[in-house]
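Chemist: Per our numbering, the sequence shown starts with residue 2, numbered consecutively.
Hints may contain errors.
Straight-line C-alpha distance at most 25 angstroms; calculated DSS-like pairs for lysine-lysine [claimed, not checked]:
hint, residue 1, residue 2
1, Lys294, Lys279
2, Lys421, Lys74
3, Lys284, Lys260
4, Lys426, Lys74
5, Lys260, Lys298
6, Lys259, Lys279
7, Lys341, Lys252
8, Lys70, Lys421
9, Lys279, Lys293
10, Lys306, Lys259
11, Lys293, Lys341
12, Lys306, Lys279
13, Lys3, Lys70
14, Lys22, Lys70
15, Lys253, Lys298
16, Lys253, Lys343
17, Lys298, Lys341
18, Lys59, Lys22
Computed spacing ranges between beta-carbons, pair by pair [to be verified]:
hint, residue 1, residue 2, range
19, Asn82, Thr159, 46 to 52 angstroms
20, Leu194, Thr159, 19 to 25 angstroms
21, Gly190, Lys421, 22 to 28 angstroms
Hints listed in this document are in silico derivations from the structure and should not be mistaken for laboratory results.
Just so you know, even glycine gets a beta-carbon here, dropped at the ideal spot from N, CA and C.
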Amino acid sequence: MKVGSTWRRMDASQRGRLMNKFADLVERDLEYLARLETLDNGKPLNSSRAGDVPVVSKTMRYFAGWADKVCGKTIPVDGDNFCYTRREPVGVCGAIIPWNFPLGMFAWKVAPALCCGNAIILKPAEQTPLTAIYLGSLFKEAGFPPGVVNIIPGYGPTAGAAIAEHMDIDKVAFTGSTEVGKLIQQASGKSNLKRVTLELGGKSPLIVLADSDIDVAVNWAHQALFYNMGQVCTAGSRTFVQEEMYDEFVKKATDIAKKRVVGNPFDASTESGPQVDKEQFDKILEMIESGKKEGAKLECGGGRKGDQGYFIQPTVFSNVTDDMRIAREEIFGPVQQIIKFKDVEEVVERANRTLYGLAAAVFTNDINKAIMVSNRLQAGTVWVNQYHNVDVASPFGGYKMSGSGRELGEEGLHEYSEIKTVMIKIPEKTC
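Produce the complete structure using the sequences and hints provided.
Modeler: Quick look at the structure:
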(Lines of atoms letter the chains of each structure in order from A and count residues from 1; the text may use other names and numbers.)
(Lines give C-alpha, C1' and ligand atoms only; values in the text may rest on other atoms or scores of the structure.)
Protein backbone atom coordinates (compact mmCIF):
# COMPACT_ATOMS: atom_id res chain seq x y z
CA MET A 1 0.00 0.00 0.00
CA LYS A 2 2.98 2.32 -0.34
CA VAL A 3 2.44 5.50 -2.36
CA GLY A 4 3.81 4.91 -5.83
CA SER A 5 3.39 1.13 -5.70
CA THR A 6 1.96 -0.74 -8.68
CA TRP A 7 -1.33 -1.32 -6.89
CA ARG A 8 -1.75 2.28 -5.74
CA ARG A 9 -0.95 3.63 -9.19
CA MET A 10 -3.14 1.17 -11.06
CA ASP A 11 -6.14 2.63 -12.91
CA ALA A 12 -9.43 1.83 -11.23
CA SER A 13 -10.71 0.33 -14.48
CA GLN A 14 -7.72 -2.02 -14.53
CA ARG A 15 -8.56 -3.16 -10.98
CA GLY A 16 -12.00 -4.02 -12.30
CA ARG A 17 -10.52 -6.00 -15.19
CA LEU A 18 -8.31 -8.00 -12.83
CA MET A 19 -11.32 -8.77 -10.64
CA ASN A 20 -13.27 -9.97 -13.66
CA LYS A 21 -10.31 -12.11 -14.70
CA PHE A 22 -10.35 -13.69 -11.25
CA ALA A 23 -14.10 -14.36 -11.66
CA ASP A 24 -13.37 -16.06 -14.99
CA LEU A 25 -10.91 -18.39 -13.26
CA VAL A 26 -13.42 -19.21 -10.51
CA GLU A 27 -15.96 -20.17 -13.17
CA ARG A 28 -13.37 -22.24 -14.99
CA ASP A 29 -12.61 -24.18 -11.78
CA LEU A 30 -16.21 -24.37 -10.53
CA GLU A 31 -16.33 -28.15 -10.19
CA TYR A 32 -12.99 -28.37 -8.39
CA LEU A 33 -13.93 -25.59 -5.97
CA ALA A 34 -17.37 -27.11 -5.31
CA ARG A 35 -15.87 -30.49 -4.43
CA LEU A 36 -13.19 -28.88 -2.29
CA GLU A 37 -15.82 -26.89 -0.39
CA THR A 38 -17.92 -29.99 0.26
CA LEU A 39 -14.88 -32.00 1.31
CA ASP A 40 -13.85 -29.28 3.76
CA ASN A 41 -17.24 -28.18 5.09
CA GLY A 42 -19.60 -31.14 4.66
CA LYS A 43 -22.38 -29.28 2.85
CA PRO A 44 -24.09 -31.13 -0.04
CA LEU A 45 -22.17 -30.97 -3.31
CA ASN A 46 -25.28 -29.76 -5.12
CA SER A 47 -25.37 -26.76 -2.80
CA SER A 48 -21.67 -25.98 -3.26
CA ARG A 49 -21.97 -26.30 -7.02
CA ALA A 50 -25.19 -24.32 -7.52
CA GLY A 51 -24.80 -21.77 -4.75
CA ASP A 52 -21.48 -21.27 -3.02
CA VAL A 53 -19.09 -21.15 -5.98
CA PRO A 54 -21.32 -18.93 -8.16
CA VAL A 55 -21.58 -16.46 -5.26
CA VAL A 56 -17.82 -15.87 -5.54
CA SER A 57 -17.84 -14.96 -9.23
CA LYS A 58 -21.08 -12.96 -8.95
CA THR A 59 -19.80 -10.93 -5.99
CA MET A 60 -16.47 -10.29 -7.67
CA ARG A 61 -18.13 -9.13 -10.91
CA TYR A 62 -20.56 -6.87 -9.07
CA PHE A 63 -17.79 -5.00 -7.25
CA ALA A 64 -15.56 -5.03 -10.33
CA GLY A 65 -18.25 -2.91 -11.94
CA TRP A 66 -17.98 -0.42 -9.09
CA ALA A 67 -14.19 -0.09 -9.29
CA ASP A 68 -14.13 3.01 -11.54
CA LYS A 69 -17.27 4.52 -10.02
CA VAL A 70 -16.08 5.04 -6.45
CA CYS A 71 -15.57 8.78 -6.48
CA GLY A 72 -15.94 12.03 -4.57
CA LYS A 73 -17.80 15.21 -5.46
CA THR A 74 -17.42 18.95 -5.60
CA ILE A 75 -19.16 20.96 -2.88
CA PRO A 76 -20.38 24.57 -3.28
CA VAL A 77 -18.94 25.94 -0.03
CA ASP A 78 -19.07 29.59 1.03
CA GLY A 79 -16.38 32.09 0.08
CA ASP A 80 -13.70 32.06 -2.62
CA ASN A 81 -12.92 28.39 -2.22
CA PHE A 82 -12.93 25.28 -4.38
CA CYS A 83 -13.93 22.22 -2.33
CA TYR A 84 -13.91 18.61 -3.40
CA THR A 85 -13.85 15.20 -1.76
CA ARG A 86 -11.91 12.04 -2.59
CA ARG A 87 -12.66 8.47 -1.68
CA GLU A 88 -9.35 6.83 -0.83
CA PRO A 89 -8.54 3.25 0.24
CA VAL A 90 -8.62 2.59 3.96
CA GLY A 91 -5.28 0.79 3.58
CA VAL A 92 -4.54 -2.72 4.77
CA CYS A 93 -7.75 -4.59 5.60
CA GLY A 94 -7.92 -7.68 7.77
CA ALA A 95 -10.67 -10.24 7.22
CA ILE A 96 -11.60 -13.15 9.48
CA ILE A 97 -14.18 -15.47 7.98
CA PRO A 98 -16.29 -18.38 9.36
CA TRP A 99 -16.57 -22.05 8.48
CA ASN A 100 -20.23 -22.22 7.42
CA PHE A 101 -19.83 -20.41 4.07
CA PRO A 102 -16.08 -20.28 3.39
CA LEU A 103 -16.37 -19.36 -0.30
CA GLY A 104 -19.16 -16.84 0.05
CA MET A 105 -17.65 -15.04 3.03
CA PHE A 106 -14.29 -14.89 1.27
CA ALA A 107 -15.90 -13.03 -1.62
CA TRP A 108 -17.97 -10.74 0.61
CA LYS A 109 -14.80 -9.50 2.31
CA VAL A 110 -12.26 -9.48 -0.51
CA ALA A 111 -14.30 -8.06 -3.40
CA PRO A 112 -15.26 -4.65 -1.92
CA ALA A 113 -11.79 -4.24 -0.41
CA LEU A 114 -10.10 -4.73 -3.79
CA CYS A 115 -12.69 -2.61 -5.56
CA CYS A 116 -11.69 0.37 -3.42
CA GLY A 117 -7.95 -0.24 -3.89
CA ASN A 118 -7.10 -1.78 -0.52
CA ALA A 119 -4.75 -4.64 0.28
CA ILE A 120 -6.21 -7.52 2.28
CA ILE A 121 -5.00 -10.09 4.78
CA LEU A 122 -7.55 -12.88 5.19
CA LYS A 123 -7.69 -15.62 7.80
CA PRO A 124 -10.02 -18.51 6.93
CA ALA A 125 -11.62 -20.56 9.69
CA GLU A 126 -9.28 -23.24 10.97
CA GLN A 127 -11.96 -25.86 10.22
CA THR A 128 -12.26 -24.90 6.53
CA PRO A 129 -9.11 -23.30 5.03
CA LEU A 130 -8.84 -25.22 1.74
CA THR A 131 -10.91 -23.14 -0.67
CA ALA A 132 -9.41 -19.87 0.59
CA ILE A 133 -5.91 -21.18 -0.08
CA TYR A 134 -6.90 -22.27 -3.59
CA LEU A 135 -8.54 -18.92 -4.32
CA GLY A 136 -5.28 -17.26 -3.30
CA SER A 137 -3.55 -19.09 -6.15
CA LEU A 138 -6.18 -17.82 -8.59
CA PHE A 139 -5.45 -14.21 -7.62
CA LYS A 140 -1.83 -14.84 -8.53
CA GLU A 141 -2.86 -16.41 -11.83
CA ALA A 142 -5.18 -13.47 -12.58
CA GLY A 143 -2.22 -11.07 -12.36
CA PHE A 144 -2.77 -9.24 -9.07
CA PRO A 145 0.46 -7.65 -7.81
CA PRO A 146 2.26 -9.52 -5.02
CA GLY A 147 1.11 -8.60 -1.53
CA VAL A 148 -2.34 -7.33 -2.49
CA VAL A 149 -4.20 -10.50 -1.44
CA ASN A 150 -2.70 -12.51 1.44
CA ILE A 151 -4.15 -15.72 2.91
CA ILE A 152 -3.01 -16.63 6.43
CA PRO A 153 -4.46 -19.90 7.81
CA GLY A 154 -4.35 -20.24 11.56
CA TYR A 155 -6.29 -20.34 14.80
CA GLY A 156 -8.38 -17.52 16.18
CA PRO A 157 -6.39 -16.86 19.38
CA THR A 158 -3.16 -16.59 17.37
CA ALA A 159 -3.63 -15.57 13.74
CA GLY A 160 -7.02 -13.94 14.29
CA ALA A 161 -5.86 -12.02 17.34
CA ALA A 162 -2.76 -10.85 15.48
CA ILE A 163 -4.94 -9.31 12.78
CA ALA A 164 -7.25 -7.63 15.30
CA GLU A 165 -4.38 -6.20 17.34
CA HIS A 166 -1.90 -5.24 14.60
CA MET A 167 -0.99 -1.56 14.49
CA ASP A 168 -0.46 -1.58 10.72
CA ILE A 169 -3.84 -3.07 9.84
CA ASP A 170 -6.33 -0.27 9.26
CA LYS A 171 -9.62 -2.17 9.22
CA VAL A 172 -10.91 -5.59 10.18
CA ALA A 173 -14.06 -7.30 8.92
CA PHE A 174 -15.31 -10.31 10.86
CA THR A 175 -18.14 -12.79 10.44
CA GLY A 176 -18.69 -15.19 13.31
CA SER A 177 -19.93 -15.38 16.88
CA THR A 178 -21.00 -12.38 18.95
CA GLU A 179 -18.55 -13.45 21.65
CA VAL A 180 -15.55 -13.22 19.30
CA GLY A 181 -16.91 -10.03 17.73
CA LYS A 182 -16.70 -8.35 21.13
CA LEU A 183 -13.07 -9.45 21.48
CA ILE A 184 -12.23 -7.95 18.08
CA GLN A 185 -13.78 -4.61 19.01
CA GLN A 186 -11.82 -4.63 22.26
CA ALA A 187 -8.60 -5.39 20.38
CA SER A 188 -9.29 -2.48 18.03
CA GLY A 189 -9.73 -0.15 20.97
CA LYS A 190 -6.54 -1.34 22.63
CA SER A 191 -4.46 -1.00 19.45
CA ASN A 192 -4.93 1.60 16.73
CA LEU A 193 -8.73 2.08 16.78
CA LYS A 194 -8.93 0.31 13.44
CA ARG A 195 -12.27 0.41 11.69
CA VAL A 196 -14.38 -2.68 12.51
CA THR A 197 -17.32 -4.23 10.71
CA LEU A 198 -19.04 -7.21 12.29
CA GLU A 199 -21.61 -9.72 11.09
CA LEU A 200 -22.46 -11.82 14.12
CA GLY A 201 -25.02 -14.21 15.56
CA GLY A 202 -28.77 -14.27 15.22
CA LYS A 203 -31.98 -15.76 16.53
CA SER A 204 -34.20 -14.74 13.66
CA PRO A 205 -38.00 -14.79 13.92
CA LEU A 206 -40.11 -16.20 11.08
CA ILE A 207 -43.71 -15.09 11.57
CA VAL A 208 -46.58 -16.99 9.92
CA LEU A 209 -49.91 -15.16 9.98
CA ALA A 210 -53.17 -17.10 9.70
CA ASP A 211 -54.04 -15.54 6.32
CA SER A 212 -50.94 -17.00 4.63
CA ASP A 213 -50.77 -20.07 2.40
CA ILE A 214 -49.87 -22.76 4.92
CA ASP A 215 -48.06 -25.06 2.50
CA VAL A 216 -45.93 -22.21 1.15
CA ALA A 217 -45.11 -21.08 4.68
CA VAL A 218 -44.24 -24.61 5.87
CA ASN A 219 -41.85 -25.19 2.99
CA TRP A 220 -40.10 -21.83 3.40
CA ALA A 221 -39.86 -22.27 7.17
CA HIS A 222 -38.26 -25.68 6.60
CA GLN A 223 -35.62 -24.24 4.28
CA ALA A 224 -35.13 -21.23 6.57
CA LEU A 225 -34.00 -23.55 9.35
CA PHE A 226 -32.57 -26.73 7.81
CA TYR A 227 -30.61 -25.20 4.91
CA ASN A 228 -26.86 -25.84 5.31
CA MET A 229 -27.60 -28.19 8.23
CA GLY A 230 -28.92 -25.20 10.20
CA GLN A 231 -25.47 -23.63 10.20
CA VAL A 232 -26.60 -20.21 8.99
CA CYS A 233 -26.42 -16.96 10.94
CA THR A 234 -29.77 -15.86 9.46
CA ALA A 235 -31.52 -19.20 10.13
CA GLY A 236 -35.22 -18.81 10.85
CA SER A 237 -34.73 -20.32 14.27
CA ARG A 238 -37.88 -18.99 15.95
CA THR A 239 -40.92 -20.02 13.92
CA PHE A 240 -43.92 -18.07 15.25
CA VAL A 241 -47.26 -19.46 13.99
CA GLN A 242 -50.66 -17.89 14.64
CA GLU A 243 -52.83 -20.09 16.86
CA GLU A 244 -55.60 -20.63 14.25
CA MET A 245 -53.27 -22.71 12.07
CA TYR A 246 -50.70 -23.84 14.67
CA ASP A 247 -51.60 -27.52 14.98
CA GLU A 248 -51.84 -28.07 11.23
CA PHE A 249 -48.56 -26.22 10.69
CA VAL A 250 -46.76 -28.38 13.26
CA LYS A 251 -48.02 -31.55 11.60
CA LYS A 252 -46.94 -30.47 8.13
CA ALA A 253 -43.57 -29.17 9.36
CA THR A 254 -42.92 -32.47 11.13
CA ASP A 255 -43.83 -34.50 8.06
CA ILE A 256 -41.44 -32.59 5.79
CA ALA A 257 -38.62 -32.74 8.36
CA LYS A 258 -38.98 -36.53 8.62
CA LYS A 259 -38.51 -36.80 4.85
CA ARG A 260 -35.33 -34.71 4.69
CA VAL A 261 -32.42 -36.81 3.38
CA VAL A 262 -29.35 -36.70 5.63
CA GLY A 263 -26.20 -38.46 4.47
CA ASN A 264 -23.10 -38.41 2.29
CA PRO A 265 -22.78 -34.83 0.95
CA PHE A 266 -21.35 -36.14 -2.33
CA ASP A 267 -24.55 -38.13 -3.00
CA ALA A 268 -26.88 -36.28 -5.38
CA SER A 269 -29.96 -37.14 -3.29
CA THR A 270 -28.57 -35.72 -0.04
CA GLU A 271 -30.21 -32.58 1.36
CA SER A 272 -28.14 -32.28 4.56
CA GLY A 273 -24.61 -33.41 5.31
CA PRO A 274 -22.82 -33.65 8.66
CA GLN A 275 -22.25 -30.81 11.09
CA VAL A 276 -18.85 -29.20 10.63
CA ASP A 277 -17.05 -30.81 13.60
CA LYS A 278 -17.46 -32.59 16.93
CA GLU A 279 -17.63 -29.36 18.92
CA GLN A 280 -20.62 -28.15 16.94
CA PHE A 281 -22.17 -31.64 16.94
CA ASP A 282 -21.98 -31.91 20.74
CA LYS A 283 -23.32 -28.37 21.25
CA ILE A 284 -26.40 -29.07 19.13
CA LEU A 285 -27.18 -32.34 20.92
CA GLU A 286 -26.82 -30.57 24.27
CA MET A 287 -29.29 -27.90 23.15
CA ILE A 288 -31.74 -30.58 22.01
CA GLU A 289 -31.54 -32.18 25.46
CA SER A 290 -32.23 -28.81 27.08
CA GLY A 291 -35.40 -28.49 24.98
CA LYS A 292 -36.62 -31.87 26.18
CA LYS A 293 -35.84 -31.08 29.82
CA GLU A 294 -37.53 -27.65 29.71
CA GLY A 295 -40.82 -29.10 28.46
CA ALA A 296 -40.87 -28.57 24.71
CA LYS A 297 -42.63 -31.35 22.78
CA LEU A 298 -40.27 -33.32 20.54
CA GLU A 299 -42.15 -33.96 17.29
CA CYS A 300 -39.34 -35.74 15.42
CA GLY A 301 -35.60 -36.28 15.44
CA GLY A 302 -33.82 -35.40 18.62
CA GLY A 303 -30.60 -37.33 18.30
CA ARG A 304 -27.70 -38.56 16.25
CA LYS A 305 -28.32 -40.11 12.85
CA GLY A 306 -26.37 -43.33 12.40
CA ASP A 307 -23.30 -44.29 14.38
CA GLN A 308 -20.58 -42.63 12.30
CA GLY A 309 -19.84 -39.01 11.49
CA TYR A 310 -21.41 -35.86 12.88
CA PHE A 311 -24.90 -36.38 11.43
CA ILE A 312 -27.94 -35.13 13.37
CA GLN A 313 -31.56 -36.03 12.71
CA PRO A 314 -33.74 -33.13 11.51
CA THR A 315 -35.44 -32.11 14.75
CA VAL A 316 -38.74 -30.30 15.35
CA PHE A 317 -40.00 -29.01 18.70
CA SER A 318 -43.52 -27.68 19.34
CA ASN A 319 -45.03 -26.10 22.47
CA VAL A 320 -41.90 -23.97 22.75
CA THR A 321 -42.03 -20.95 25.05
CA ASP A 322 -39.94 -17.80 24.88
CA ASP A 323 -38.04 -18.54 28.09
CA MET A 324 -36.61 -21.86 26.90
CA ARG A 325 -32.94 -21.98 25.91
CA ILE A 326 -33.79 -23.32 22.45
CA ALA A 327 -35.91 -20.19 21.91
CA ARG A 328 -33.27 -17.77 23.21
CA GLU A 329 -29.85 -19.10 22.21
CA GLU A 330 -28.38 -19.62 18.78
CA ILE A 331 -28.24 -23.39 18.16
CA PHE A 332 -26.62 -23.34 14.70
CA GLY A 333 -28.00 -26.74 13.85
CA PRO A 334 -31.01 -28.62 12.38
CA VAL A 335 -33.43 -27.87 15.23
CA GLN A 336 -36.72 -26.11 14.46
CA GLN A 337 -38.70 -24.48 17.25
CA ILE A 338 -42.38 -23.73 16.53
CA ILE A 339 -43.96 -21.15 18.83
CA LYS A 340 -47.66 -20.19 19.09
CA PHE A 341 -48.95 -16.60 19.12
CA LYS A 342 -52.35 -14.88 19.15
CA ASP A 343 -52.17 -11.54 17.31
CA VAL A 344 -49.83 -9.29 15.36
CA GLU A 345 -49.10 -6.80 18.12
CA GLU A 346 -48.09 -9.61 20.45
CA VAL A 347 -45.84 -11.43 18.01
CA VAL A 348 -43.94 -8.31 16.93
CA GLU A 349 -43.14 -7.51 20.55
CA ARG A 350 -42.02 -11.09 21.21
CA ALA A 351 -40.02 -11.30 18.00
CA ASN A 352 -38.07 -8.17 18.98
CA ARG A 353 -37.49 -9.45 22.53
CA THR A 354 -33.97 -10.71 21.78
CA LEU A 355 -30.38 -9.52 21.88
CA TYR A 356 -30.07 -10.16 18.16
CA GLY A 357 -31.40 -8.49 15.03
CA LEU A 358 -29.87 -10.01 11.92
CA ALA A 359 -32.90 -11.17 9.91
CA ALA A 360 -36.63 -11.85 10.11
CA ALA A 361 -39.51 -12.91 7.91
CA VAL A 362 -43.27 -12.57 7.73
CA PHE A 363 -45.70 -14.74 5.78
CA THR A 364 -49.04 -13.19 4.93
CA ASN A 365 -51.30 -12.52 1.94
CA ASP A 366 -52.16 -9.05 3.28
CA ILE A 367 -49.72 -6.46 1.90
CA ASN A 368 -50.69 -3.95 4.58
CA LYS A 369 -49.78 -6.40 7.34
CA ALA A 370 -46.58 -7.33 5.49
CA ILE A 371 -45.39 -3.72 5.37
CA MET A 372 -46.48 -2.93 8.92
CA VAL A 373 -44.76 -5.96 10.44
CA SER A 374 -41.62 -5.50 8.32
CA ASN A 375 -41.27 -1.90 9.44
CA ARG A 376 -41.67 -2.82 13.11
CA LEU A 377 -39.25 -5.74 13.22
CA GLN A 378 -35.79 -4.88 14.53
CA ALA A 379 -33.69 -6.68 11.95
CA GLY A 380 -31.22 -5.77 9.23
CA THR A 381 -33.07 -7.83 6.62
CA VAL A 382 -36.78 -8.71 6.54
CA TRP A 383 -38.13 -11.17 3.99
CA VAL A 384 -41.79 -11.33 3.00
CA ASN A 385 -43.16 -14.70 1.84
CA GLN A 386 -39.64 -16.02 1.25
CA TYR A 387 -36.37 -16.60 3.11
CA HIS A 388 -32.57 -16.61 2.64
CA ASN A 389 -32.79 -14.37 -0.44
CA VAL A 390 -29.52 -12.43 -0.19
CA ASP A 391 -28.40 -10.47 -3.26
CA VAL A 392 -24.98 -8.92 -3.76
CA ALA A 393 -26.60 -5.62 -4.77
CA SER A 394 -28.51 -5.19 -1.49
CA PRO A 395 -26.90 -4.31 1.86
CA PHE A 396 -26.64 -6.97 4.54
CA GLY A 397 -25.99 -6.61 8.26
CA GLY A 398 -27.55 -6.64 11.69
CA TYR A 399 -29.16 -4.63 14.44
CA LYS A 400 -28.18 -4.87 18.11
CA MET A 401 -25.73 -7.69 18.96
CA SER A 402 -25.91 -9.11 15.44
CA GLY A 403 -23.18 -6.71 14.39
CA SER A 404 -22.26 -3.31 13.05
CA GLY A 405 -21.75 -1.96 9.54
CA ARG A 406 -23.04 -3.39 6.29
CA GLU A 407 -21.72 -5.72 3.61
CA LEU A 408 -22.72 -5.93 -0.06
CA GLY A 409 -24.34 -3.28 -2.21
CA GLU A 410 -23.22 0.31 -2.45
CA GLU A 411 -23.41 0.62 1.34
CA GLY A 412 -20.84 -2.15 1.68
CA LEU A 413 -18.33 -0.12 -0.30
CA HIS A 414 -18.42 2.71 2.22
CA GLU A 415 -16.76 0.46 4.80
CA TYR A 416 -13.63 0.18 2.63
CA SER A 417 -12.88 3.80 1.80
CA GLU A 418 -11.95 7.00 3.60
CA ILE A 419 -13.43 10.35 2.60
CA LYS A 420 -10.94 13.18 2.30
CA THR A 421 -12.03 16.81 1.97
CA VAL A 422 -9.76 19.15 -0.01
CA MET A 423 -10.33 22.94 0.30
CA ILE A 424 -8.45 25.22 -2.12
CA LYS A 425 -8.32 29.01 -1.82
CA ILE A 426 -9.03 30.60 -5.22
CA PRO A 427 -8.91 34.26 -6.35
CA GLU A 428 -12.57 34.46 -7.25
CA LYS A 429 -15.49 32.08 -7.29
CA THR A 430 -17.85 31.99 -10.26
CA CYS A 431 -21.19 30.24 -10.40
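Chemist: Cβ-Cβ distance between Leu194 and Thr159: within 19 to 25 angstroms?
Modeler: For Thr159 against Leu194, whose Cβ atoms are near 22 angstroms apart, the range 19 to 25 angstroms holds.
Chemist: For the pair supplied as a hint, Lys22 and Lys70, is the alpha-carbon distance within the 25 angstroms limit?
Modeler: holds (19 angstroms)
Chemist: Sort out whether Lys22 lies within 25 angstroms of Lys59, counting only the CA atoms.
Modeler: holds (12 angstroms)
Chemist: Given a hinted range of 46 to 52 angstroms, is it respected by the beta-carbon distance of Asn82 and Thr159?
Modeler: holds (50 angstroms)
Chemist: When you check the alpha-carbon spacing of Lys341 and Lys252, does it fall within 25 angstroms?
Modeler: Measuring from Cα to Cα gives roughly 14 angstroms; hence the hint holds.
Chemist: Lys306 and Lys279: Cα distance at most 25 angstroms?
Modeler: The hint holds at about 14 angstroms.
Chemist: Are the Cα atoms of Lys421 and Lys74 separated by 25 angstroms or less?
Modeler: holds (11 angstroms)
Chemist: For the pair supplied as a hint, Lys426 and Lys74, is the alpha-carbon distance within the 25 angstroms limit?
Modeler: Judged against 25 angstroms, a Cα distance of about 17 angstroms means the pair holds.
Chemist: Given the hinted pair Lys293 and Lys341, is their alpha-carbon gap at most 25 angstroms?
Modeler: Judged against 25 angstroms, a Cα distance of about 18 angstroms means the pair holds.
Chemist: Between the alpha carbons of Lys259 and Lys279, is the straight-line distance 25 angstroms or under?
Modeler: Since the Cα atoms of Lys259 and Lys279 sit roughly 23 angstroms apart, the hinted pair holds (cutoff 25 angstroms).
Chemist: Sort out whether Lys279 lies within 25 angstroms of Lys294, counting only the CA atoms.
Modeler: At roughly 23 angstroms apart (the allowed maximum being 25 angstroms), Lys279 and Lys294 satisfy the hint.
Chemist: Quickly compare the C-alpha distance for Lys253 and Lys343 to 25 angstroms and report which way the hint goes.
Modeler: holds (20 angstroms)
Violated hints for the displayed structure: none, as all numbered hints are satisfied.
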